[in-house]
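Sequence lines, in order, name chains R and B. For reference, each letter of the first sequence is one residue, going 41 to 281 in the working numbering. For reference, each letter of the second sequence is one residue, going 30 to 302 in the working numbering.
There may be inaccurate statements among the hints.
[Stated by the list, open to error] Here chain B is said to cover these stretches of chain R; the calculated rule only asks that three of the stretch's residues, wherever they fall, bring their Cβ under 8 Å from a Cβ of chain B:
#1 100-112
#2 130-141
#3 151-158
[Stated by the list, open to error] Once the Cα atoms are required to be at most 16 Å apart in a straight line, the calculated EDC-like pairs of lysine to aspartate or glutamate come out as:
#4 Lys126/R / Asp137/B
#5 Lys229/R / Asp259/R
#6 Lys234/R / Asp259/R
#7 Lys291/B / Asp124/R
#8 Lys126/R / Glu128/B
Hints in this document: simulated from the structure, not taken from any laboratory. As the structure is a prediction and not an experimental result, all values here were calculated from the model. C-beta atoms are modelled at their ideal positions from N, C-alpha and C, and glycine is treated no differently.
Listed here are the chains, written in short residue letters.
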Amino acid sequence: MIQIRQLSKTFSNKRSLAQLAPSHSGKNKMAIFENVSLEIQRGELFCLLGPNGSGKTTLLKILAGLISPTSGEARVEGFSILKDRKQVQRRIGLIFSESGNFYPRLSVYHNLQFFSSLYGLTGHSFSEQLNFYSIHLGLTQSLHAPFQMLSSGFQQRVNILRALLPEPPVILCDEMTKQLDPEFCQNLKNFAKKILIEQKQKTMLWVTHLPEEARAVGDRVGMLYQNRIEILAGPAQGSGS
Amino acid sequence: MRKTILFRLAWYFIKKELRTALSYRFSFASQGILIFFTLAIFYYLGQWLKEHPLKALAVYGTDYFTFVLLGLAFSNYLTLGLYSLAESIKREQTLGTLEVLQASPLTDRLLLIYLSLSTLLEETLSILFYFLIGIIFFKVEFHSANWTCMIVFVIVTFLVYWGLGMISAALIIFFKKGNPIDFILNGIFVLLGGVYFPIEILPNSLQTLADYLPLTYALHALRMSILQGTDLFSLTKELLILSGFALIFLISGILSVNLAFKKARVSGNLGYL
Chain R
41 MIQIRQLSKT
51 FSNKRSLAQL
61 APSHSGKNKM
71 AIFENVSLEI
81 QRGELFCLLG
91 PNGSGKTTLL
101 KILAGLISPT
111 SGEARVEGFS
121 ILKDRKQVQR
131 RIGLIFSESG
141 NFYPRLSVYH
151 NLQFFSSLYG
161 LTGHSFSEQL
171 NFYSIHLGLT
181 QSLHAPFQML
191 SSGFQQRVNI
201 LRALLPEPPV
211 ILCDEMTKQL
221 DPEFCQNLKN
231 FAKKILIEQK
241 QKTMLWVTHL
251 PEEARAVGDR
261 VGMLYQNRIE
271 ILAGPAQGSG
281 S
Chain B
30 MRKTILFRLA
40 WYFIKKELRT
50 ALSYRFSFAS
60 QGILIFFTLA
70 IFYYLGQWLK
80 EHPLKALAVY
90 GTDYFTFVLL
100 GLAFSNYLTL
110 GLYSLAESIK
120 REQTLGTLEV
130 LQASPLTDRL
140 LLIYLSLSTL
150 LEETLSILFY
160 FLIGIIFFKV
170 EFHSANWTCM
180 IVFVIVTFLV
190 YWGLGMISAA
200 LIIFFKKGNP
210 IDFILNGIFV
220 LLGGVYFPIE
230 ILPNSLQTLA
240 DYLPLTYALH
250 ALRMSILQGT
260 DLFSLTKELL
270 ILSGFALIFL
280 ISGILSVNLA
290 FKKARVSGNL
300 GYL
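Using the sequences plus the hints, can you model the full thing?
Structure follows, in structure tokens:
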């Protein structure tokens, strides 16, 4: 479960401008979003839409403890992102939009073994988890290849696999389909809905800038726009929004 | 976190680095070859200097080659404490894995320790190379060494450098580019710390400056313990001074790294170069 209350993030203007949204406030500060509130229930897949630079990635990184909010609070599975950062991080699987953040000369298996060990997932439990998810993500044949030899699409699958292996109750996905082919993309959406949501009751916050993807996959769809999240209706009702 | 998990995690970090290092086999082998040629140069320089023995070496009861072999082996080892952490952080930033590590349940402090471990191991191997090559090819002998005393001084001095390394790492996290600490300090330490020559041959003003450097005390104590078999009690002054340096630099290092991570989270540039 994710609870976001009155969350705001403002960056100093000294920060690299390329990573920021257009300024909404004073000379030296740039408000990315202000007083954003949102609640996502366990077993719900919430899709967050928004144009480039609207702060979607920043919001995910705040939830994942990589960026500190300027004000407000958020709780993940009841733990505060401000006071219990490590407890929160133990419960979150973050799928980054960039898939290159692995050790290129190590095999996929050794990369996954290393990153899983950070969550205490080792030995037999690791092998079981790897076996289950690598089948669903079509990676069984690629596990012993050096990471750098994989295509960008397969690297992205490994990126997804890494986040799922420790079996976190909350999954944050940052534009995870952008490097994937349409067929696998469809499989991934089905896998997310049937296995991750219905079967495993995960809480998912799926960030995308593609409205059709959001409509197809989200239980609810929200739009981060002009500093705020506007909640659209569920997929059936939201299709006309 | 339980102790067994901490050790297991340390082992995973080391394995990850070893696997990467072994994937660059030529670089691994060339390191040994480089040490051999470096020592060969100083061996023949030492042979030439035998005709003009340095009085300052009398306290150690050794020749120039053995003096410089120990200086090189230990200064390389200790310099590692200065570079390794900043280098590891820079490498993780370049690969984009720093953000992934930071998003994991690992605390900042544990992450820093684990990132240093692999290079520590690598350089421990390198120090063994120095000793082995010196013993096998250049017939160096350490009959009267007090190894316990030596290990104590290696550990205390490494802590001094590790503290400085944390300050250096904090600057990398903060400024994203190379920082002056490792470059300037390492230059000064090697020049004035007595790596290549006894500090007694320096002008008085530089000798006074050398008195404020941890490497001066570290190398003196290490050489005395290995070459003369001096015990810890006789080297109390050096031990106290180095412990003082270690305390100051470790506290400053921990504070500066905490501050750097905190600032990076506020500015949102933790994973960027």
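These are the hints, each one checked on the structure:
1. 100-112: Check passed, 6 qualifying residues.
2. 130-141: With 7 residues closer than 8 Å to chain B, the stretch 130-141 of chain R meets the three-residue bar; holds.
3. 151-158: Held - the stretch 151-158 of chain R has 5 residues with a Cβ nearer than 8 Å to chain B, which meets the minimum of three.
4. Lys126/R / Asp137/B: 10 Å, holds
5. Lys229/R / Asp259/R: Between lysine 229/R and aspartate 259/R the Cα gap is close to 12 Å, so the pair holds against 16 Å.
6. Lys234/R / Asp259/R: Given that 16 Å is the threshold and the Cα spacing comes to 12 Å, the pair holds.
7. Lys291/B / Asp124/R: Since the Cα atoms of lysine 291/B and aspartate 124/R sit roughly 15 Å apart, the hinted pair holds (cutoff 16 Å).
8. Lys126/R / Glu128/B: 14 Å, holds
Checked against the numbered hints above, the structure breaks none of them.
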